[in-house]
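K.L.:
First to last, the sequence lines map onto chains E and W. For the first sequence, the residue numbers in numbering that gives the first Met the number 0 are 0 to 278. For the second sequence, the residue numbers in numbering that gives the first Met the number 0 are 0 to 291.
These are calculated hints, taken from the structure and not from any lab test. Just so you know, these numbers come straight off a predicted model, no measurement behind them. You may find that some hints are simply not true.
[What the hints assert, rightly or not] Computed spacing ranges between beta-carbons, pair by pair:
hint : chain 1 : residue 1 : chain 2 : residue 2 : range
1    : E       : Ser63     : W       : Glu152    : 36 to 44 Å
2    : W       : Glu152    : E       : His81     : 43 to 51 Å
3    : W       : Glu274    : E       : Thr254    : 26 to 34 Å
4    : W       : Glu85     : E       : His81     : 48 to 56 Å
5    : W       : Glu175    : E       : His81     : 44 to 52 Å
6    : W       : Ser19     : E       : Glu130    : 37 to 45 Å
7    : E       : Glu131    : W       : Glu85     : 45 to 53 Å
8    : E       : Arg186    : W       : Gln83     : 44 to 52 Å
9    : E       : Gly116    : W       : Glu274    : 35 to 43 Å
[Claimed, not checked] Below, computed lysine to any residue pairings styled on SDA-like, alpha-carbon distance capped at 20 Å:
hint : chain 1 : residue 1 : chain 2 : residue 2
10   : W       : Lys233    : E       : Ser147
11   : W       : Lys63     : E       : Glu130
12   : W       : Lys255    : E       : Ser144
13   : W       : Lys233    : E       : Ala103
14   : E       : Lys76     : E       : Ala103
15   : E       : Lys19     : W       : Lys255
[As the list claims (entries may be wrong)] Pulled a few chain W residues facing chain E out of the computed Cβ check, cut under 10 Å:
hint : residue
16   : Thr103
17   : Val108
18   : Tyr109
19   : Arg134
20   : Ala136
21   : Ser143
22   : Leu158
23   : Gly160
24   : Asp189
Glycine residues also receive a C-beta, built at the ideal position from the N, C-alpha and C atoms.
This is what each chain is made of:
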Amino acid sequence: MTAQPILSAHNLTRDFRVGKRTIRAVDDISFDVQKGECLAIVGESGSGKSTVANMILGIHPPTSGTLSFHGEELPVKRTLLHREKIQLVQQNPLSSLNPRRSIAASLRLALDVHKHGTRGERPQMVQKLLEEVGLDPSFANRSPSALSGGQRQRVAIARALACQSEVVVLDEPTSALDVLVQARILRLLDDLRTMHGLTFIFITHDLSVVRNIADRVAVFQYGKLVELADTEALFENPTEEYTRSLISAVPVVSTEEVELRGRLSKTEAADGGVESPGA
Amino acid sequence: MSADLALSIRNLALSFKSWSGTSQVLHGIDLEIKRGERVALVGESGSGKSVTARIILGTLHELKSARISGEVWVAGREMSSLSQSERQALRGTDISMIFQDPTTALNPVYTIRQQFHEVLMRGDPKISLSTAEQRSADILREVSITDTERVLESYPFQLSGGMNQRVMIGMALINEPQLLLADEPGTALDVTVQAQTLRLMRDLVRQHGTSVLFISHNLGVVREFADRIYVIYKGRIVETGPAASIFDDPRHAYTKALLAAIPRLTGGGIPEIQEDSEAFFDPMVTHEDVSA
Ligand SMILES: Nc1ncnc2c1ncn2[C@@H]1O[C@H](COP(=O)(O)OP(=O)(O)OP(=O)(O)O)[C@@H](O)[C@H]1O
Ligand SMILES: Nc1ncnc2c1ncn2[C@@H]1O[C@H](COP(=O)(O)OP(=O)(O)OP(=O)(O)O)[C@@H](O)[C@H]1O
Ligand SMILES: [Mg+2]
Ligand SMILES: [Mg+2]
């Protein structure tokens, strides 16, 4: 990994004030992301994953620390180019879609803003995007509230694809989907990644998905990066106790998976058997 | 309806009217939950799970474009025969719902403390501020939120996705409802917190005989939590039976395809998916309930 990373975080820290108190949501986190890779971020709820995503997007400035893109420091005020090159698919798609705009209008707006295609081509590009995420063209004129949770999520993914981005941050992109549609979307994302050389930062609680899509995994706990490793190594041989307890708590469906959990929790039981840290 | 049924749905159909025509969403479903039973509704995204829950809760009746037919019996009452205010009175007390998207269920302009107070007053209009405070903090601790003081004084935007989801779970459980509709209650939770919320729901079932309709795409969780399963595809129930029996011996083509698509913790890549097949529309399969 000697190549210039496409994105790096250097000592990122972010504080929030709530009432009279200050909480440290992200605490001195550093990592590199290589072009074309899929880096998963997993970890406790409230451990700072979405806050890191928001800092990468420039939605919140870091309290301290910096981010760089292609080796250049990202300014607090992002240019349109940055906003085009780094895209976010949000955790709650309903809050990120304009309720008064139809699905087609939202996608069209993304194409307009970033000037993709000619005016004449754009209606067709919208249809093509809907098709790519497996939504029937009849959905085009609906408002977001007339869609199911999973259908909305697919619109959010389509919108990120509409901008020809380089880095896409996906915050729980497939947890609202049934596993059949999920597999289709994951394959689509994987194909797009290879075809367009996209880079993904994939935030999720679903470790079974992580195992099958990520190249590397970053584990967060209490705002800190506690472990960062290649996917295979992390699942077969996690070094951190917390990672071990996460993997061995995943609800599974097959005997091989139960065995994997068993292997990990056995070593865990030897050091006292941790259940839920922070509980 | 027999006395041990907490919920009974008969031939429920739903369509939405719009200027461009009518779209049929539910094609006549039957579904039952016994007292103290945990039943999962799983299936395709967009197949009609959330709308079913919203019909049971009585909120979809208020949407002008919705056409609902069939019967929904909750605790001996047929929902469409009730007035809007009678339905409202059941909500948050006898029936409560954990919504798929916390941002739609929580009010952005009130603190979590104010919202808990309002929910508690539905169960006990004369509840004191200090009791409300105490009970809110207690339930938050039960959903693994230790920093209760901070969370209570926060607005939803100041909390993470999973914290909001846990707040909502707490609100749904705090009045010990008889029927709990849990729509994707764990999507934003890490696995250890998710396990804790499932334990909490199990306790509620055990201590109060609560019945749960559990909607989830996470089939690993469903396998651990549910007694019985209904599989739904495009507004039709395609397979139903005890959870173990469905997982060990899926018989409907759609259920088979669904189970084959589960990504594995042991790896092996993203599962290969075949195109939707005509066989997904095959008639419903019912597994014998050997325990009954
Ligand atoms: N705008 C804000 N104001 C105050 N506190 C905030 C704000 N945004 C986030 N926080 C706090 O920062 C911490 C980290 O939140 P974040 O949303 O990054 O967590 P997360 O890892 O994405 O969790 P989840 O898995 O539940 O989505 C939490 O304690 C949260 O309450
Ligand atoms: N207000 C509405 N107007 C028109 N159609 C609607 C409306 N609400 C929902 N629908 C449609 O009804 C169908 C069922 O929606 P529902 O939300 O019940 O799906 P779901 O099974 O919960 O899916 P998911 O798993 O994605 O949450 C979907 O095709 C959706 O687009
Ligand atoms: Mg988050
Ligand atoms: Mg739904």
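K.L.:
Against each hint, give a clear statement of whether it holds in the structure.
P.N.:
So, going through the hints one by one against the coordinates:
At about 26 Å, the beta-carbon gap between Ser63 of chain E and Glu152 of chain W misses the expected band of 36 to 44 Å. Take Glu152 of chain W and His81 of chain E: their Cβ atoms lie about 35 Å apart, and the range 43 to 51 Å is violated. Between Glu274 of chain W and Thr254 of chain E the C-beta distance comes to about 29 Å, which sits within the given range of 26 to 34 Å. Checking the proposed 48 to 56 Å range against Glu85 of chain W and His81 of chain E shows it holds: the Cβ atoms sit about 55 Å from each other.
The beta-carbon spacing between Glu175 of chain W and His81 of chain E, approximately 50 Å, falls within the hinted interval of 44 to 52 Å. A beta carbon spacing of about 20 Å between Ser19 of chain W and Glu130 of chain E contradicts the range 37 to 45 Å that was offered as a hint. Take Glu131 of chain E and Glu85 of chain W: their Cβ atoms lie about 46 Å apart, and the range 45 to 53 Å holds. Take Arg186 of chain E and Gln83 of chain W: their Cβ atoms lie about 46 Å apart, and the range 44 to 52 Å holds.
Checked against the hint of 35 to 43 Å, the pair Gly116 of chain E and Glu274 of chain W fails, with Cβ atoms roughly 29 Å apart. For the suggested pair Lys233 of chain W and Ser147 of chain E, the alpha carbons sit about 12 Å apart, so the restraint of at most 20 Å is met. Between Lys63 of chain W and Glu130 of chain E, the direct Cα distance comes to roughly 30 Å. Violation of the 20 Å bound is thereby established for this hinted pair. In summary, the hint linking Lys255 of chain W to Ser144 of chain E is not supported, as the alpha carbons are separated by about 31 Å, beyond the 20 Å threshold.
The suggested pairing of Lys233 of chain W with Ala103 of chain E is violated, with an alpha-carbon distance near 23 Å, which exceeds 20 Å. Restraint check for Lys76 of chain E and Ala103 of chain E: not satisfied, since their Cα atoms lie roughly 29 Å apart, outside the 20 Å limit. A hinted pair counts as satisfied when its Cα atoms are at most 20 Å apart, and Lys19 of chain E with Lys255 of chain W does not qualify at roughly 54 Å. At its closest, the beta carbon of Thr103 of chain W sits 6 Å from a beta carbon of chain E; the interface hint therefore holds under the 10 Å criterion.
Interface restraint check: Val108 of chain W against chain E, minimum CB-CB distance 14 Å, threshold 10 Å, status violated. This hint is violated: Tyr109 of chain W has a C-beta 15 Å from the nearest C-beta of chain E, more than the 10 Å allowed. Checking Arg134 of chain W against chain E by beta carbon gives a least distance of about 20 Å; that is not within 10 Å, so the hint is violated. Checking Ala136 of chain W against chain E: minimum C-beta separation of about 16 Å lies over 10 Å; hint violated.
Annotation: Ser143 of chain W was flagged as interfacial toward chain E, and the flag holds, the nearest CB pair being 5 Å apart, inside 10 Å. Contact between Leu158 of chain W and chain E, as hinted, is supported at the beta carbon level, the nearest pair being about 8 Å apart and thus within 10 Å. Evaluation of the Gly160 of chain W hint against chain E yields a held restraint, the C-beta minimum of about 5 Å falling below 10 Å. Interface hint at Asp189 of chain W: satisfied, since its Cβ lies 5 Å from the closest Cβ of chain E, which is below the 10 Å cut-off.
Against the hints set out earlier in the document, violations occur for numbers 1, 2, 6, 9, 11, 12, 13, 14, 15, 17, 18, 19, 20.
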